[in-house]
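Peer 1: In case you want the letters, here they are:
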Amino acid sequence: MPPRLDELTMARRAASELQPGQVAALGSGLPARVAEVVPNGAAIQLLSDGGALGYSLTGGADSAGGPSLCGPNGLPVALEKGGSVVGMADWAALLRGGHVEVAIVQPARVSAAGDLLGWTTAATPGLFAPGRTVDLAAGGCKVIAMLPHIGSDNSPNIVAESIPVADGRSCVSMVITDIAVIRVEDGVLVLSEVAPGWRFDDIAAMTGAPLSPSGDLKEMAPNLEHLKTERPGKVFPDGPSAITDLQDGATVMIDGFGGPGGMAHHLLVSLRDRGTKGLTIISNTIGIARIVNFGTPAGKLAIDHSILVENGQVAKAIATYPVSPSASRPSTFELAYRRGEVELELVPQGTLAERLRAGGAGIYAFYTPTGAGTLIAEGKESRVIDGKEYILEQALTADFCLIRGHKADTLGNVVYKGTSRNFNAVMAPSARVTIVEVDEVVEAGELAPELIVTPGIYVDRIVIRPEGFSPYE
Amino acid sequence: MVEEKERLPREVVAMRVAKELPDGGFVNLGIGIPTLVSNFIPDGSVVFYHSESGVLNCGPLAEEDEQDIDLINAGGQFLQMVPGMAFFSTVEGFAMIRGGHVDVTVLGAHQVSATGDLANWMLPERGVGNIGGAMDLAAGARQVIVAMEHTDRNDGPKVVQECSYPITGKGCVSLIVTDLAVMEPTPEGLVLKEVAPGWTVEEVQKLTGAALIVPPDLREYEL
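Residue numbers (the numbering used here), protein chains in the order written: chain A, 1 to 473; chain B, 1 to 223.
Incorrect hints may have been included.
25 Å max Cα-Cα, derived DSS-like pairs, lysine-lysine [said to hold, decoys possible]:
no. : chain 1 : residue 1 : chain 2 : residue 2
1   : A       : Lys380    : B       : Lys206
2   : B       : Lys206    : B       : Lys5
3   : A       : Lys234    : A       : Lys380
4   : A       : Lys388    : B       : Lys170
5   : A       : Lys380    : A       : Lys81
6   : A       : Lys316    : A       : Lys407
Because the hints were derived from the structure by calculation, they are not lab data.
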């Protein structure tokens, strides 16, 4: 038999599946070795099981200037410029929320249906240690399995029958082994590449499930040249240029408490100028700063959601504090609501925050005690758990999110100032397109990775607030 | 005439509530009388304030020339930057509340029932209201104290047998402090703990929409 591929060649083949701009989560074992073959400066980010987002191997303790972190397989890694660190809840949210494009895992077995088994083998019955494989498999991203084609007992690791206790069902779309690349296509295994010197028949004989040759079956020749490219830029020249695809009927998230802070004022004004209609606005308040008036210079008005309501652009608001604290001083929104021009979905503040978090984290719904027994609970499933009543609330997502940051780097990592973090940091992961308005953009690497609040994986576009821009008009 | 008798000023109500706050505790204060509570923390005690705007250990309001729009409390007022302040997202701010990390919240109310139901987010005649953080605080804070006037503008009772306004939370209030009395809602009914100086139980009962249970250790308002 021809030689089998070594681990680094397998890693190169896996890395060649990545596309510029993607984030890939690497499990331990063979997948962790992908970090060893990704070219320096490649336009991708790697996410480690330990929570390093945007890391590379240091190759030794002192070969890189960054902080020394323990990476997968216990190898020393360093954050790249613009890398950040996330906690375990955020690591899982990145996967479940669809923010990671590719997960590479090493299961013990893969079935023809694309099921994978990572933690229990014939040799380890009853050993319950799924680790992170289950999360990696369930993320909904492209799952690539890397494993030896046959086990140490010469039995095939790729099997026909369904795996009774799987760590992931129908999740694997590609299997990379030491002799082959196999695509899983609707329960059919298609051999698309062979290791040099290997023939279809030999591989089929070592595979525990029926295998069909691909029409363009070829010899494996991993190429990583396509990764050596510039990252797509995120910095836009101004507000209007960043929202040219914000269309009528869009759902838009915008922060806002009673004060003038925390709102992306320049983007708000850009959205007013664009005149987009029929918007659903998800926000804490919906134009209260203008009424509350704290800090507003004489003769001026605070820029807030009211400018969109006033301009007839808002069809619906999902908010927690939608009207003025004083009935005698109604806001623009309240007046429009009384005229029947806008709809309102009223949500408790913590529930709004959690619904947004869930939306960005791939959680469909959750039970909360907040609002149990109140009007908010009407029409919602409720359940008594351990003697306490909870109601089921569903996740919220949006088309666009206009957030107010303080500084961003060129990769979209964001830090906030003071209390203006509040809903901005929650909304950033929950929209299809997240646009941040900041005072300053710095080069990647200039923000301390441990202090980054919103990693750039959540941020699509960056706009610098014009110098001297006033939140009042 | 009951109406001519003097009721306690808001500051005294706030002072009475301040006595309830645990030394070193984490506290969230609502708008109105609750906000005043922070002025009456006894010397030598420390209370850490939580605000839904995403800040812990917040202190006094900022002077006019030091206002920063990125440093506000939940009501939108400007805060001073003080040592030990911590900022966080709203998810975390409410995890603190629902997760039982906030020891006490002091809230205003439109109505409180004898069994501790709280109504403070909507007046039906307005037809629309603000929930803000109230429902989460009602459901999550370890202790919910209501600080309010005993009656509404028309001298109608705000302490009632059952709330007629939409409620914020069921059975969540553990103590009601008003300008006439201190009361404790219990599953059995409303226990009168303290009355304002110069007021009799009968007079307070007349202005209360629920039957007061008078315990043997009823006291005068204690500051």
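Peer 1: Each of the hints needs a verdict: does it hold here or not?
Peer 2: Hint check results:
1. A/Lys380 to B/Lys206: Not OK: A/Lys380 and B/Lys206 at ~39 Å, beyond 25 Å, violated.
2. B/Lys206 to B/Lys5: Distance ~13 Å between B/Lys206 and B/Lys5 Cα, so the pair holds.
3. A/Lys234 to A/Lys380: Answer violated: A/Lys234 to A/Lys380 is near 40 Å, above 25 Å.
4. A/Lys388 to B/Lys170: Satisfied, since the Cα-Cα distance of roughly 11 Å is no more than 25 Å.
5. A/Lys380 to A/Lys81: Measuring from Cα to Cα gives roughly 46 Å; hence the hint is violated.
6. A/Lys316 to A/Lys407: Violated, because 31 Å separates the two Cα atoms, which is more than 25 Å.
The structure does not agree with the numbered hints 1, 3, 5, 6 stated previously, though it agrees with the rest.
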